[in-house]
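Colleague: For the sequence shown, my numbering assigns the number 1 to the initial residue and increments by one for each residue that follows.
What you were told as hints is all true, and nothing was included just to trick you.
Simulated restraints, written as ranges between beta carbons of each label pair:
1) E140 to D59: 17 to 25 Å
2) R77 to E139: 35 to 43 Å
3) Q183 to F44: 30 to 38 Å
4) E189 to E94: 19 to 27 Å
5) I148 to A82: 19 to 27 Å
6) A82 to V133: 20 to 28 Å
7) H155 to R118: 15 to 23 Å
Keep in mind that the hints were calculated from the coordinates and are not lab data.
Bear in mind that the values here come from a model prediction, so they are computed numbers and not experimental data.
Just so you know, even glycine gets a beta-carbon here, dropped at the ideal spot from N, CA and C.
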Amino acid sequence: MLLAACASSAAGHTATPITTQEFQIPTSTSANERWVELFDRTPFPFTTPLPSSHNTAIDGTYIKINPRTATPFPCRRCPDYAMEGGLWKINFDEGIFRMIYSVNGWRSLGSFTVSGDRLTLFNDPNCIYDIGVYKWRLEEGQLILTEINDICSIHLRAENLSNQPWLSCQTSSVVDMVIGNWQAPAGCEEP
1 MLLAACASSA AGHTATPITT QEFQIPTSTS ANERWVELFD RTPFPFTTPL PSSHNTAIDG
61 TYIKINPRTA TPFPCRRCPD YAMEGGLWKI NFDEGIFRMI YSVNGWRSLG SFTVSGDRLT
121 LFNDPNCIYD IGVYKWRLEE GQLILTEIND ICSIHLRAEN LSNQPWLSCQ TSSVVDMVIG
181 NWQAPAGCEE P
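With the sequences and hints as input, model every part of the structure.
Modeller: Printed below as a string of structure tokens:
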């Protein structure tokens, strides 16, 4: 009888998919608060010393909207960097990267270095011993990352970072910014 009650209850429950419109901009105040809090933190040098603090060519904030519309399944310990639909934001700033998924407020931070077209990620608390190496380029207002080697979080960080271009939240043209000829993509609001 208990089995029949559970079966009929589960059969009547259907998940409502999240539409792209619902997650283009962070909807949760707590996700915005978690993003702001990230800027008060610095990475811990788990296995690699913190890099020197200096500007790099990649510094700035970038967003992407993963178009996946399926509702994420509920879990107590979802895998880190899982590619779920919605707004993702990443910031590179003088050797520190910060990342957030606005739908549920998941976040991470770590260290990075740039050498030519190579981006190296390390000191990530989600994968303490893993170092990620990517080829990067900025092209027409987009950051494009191509994995060279990254096994962090059962390879999910690499899939997430390189599955689509990241839109820049800053323009490279000072003229466009001054005359108002450029508008940041939705979701770029800075803390």
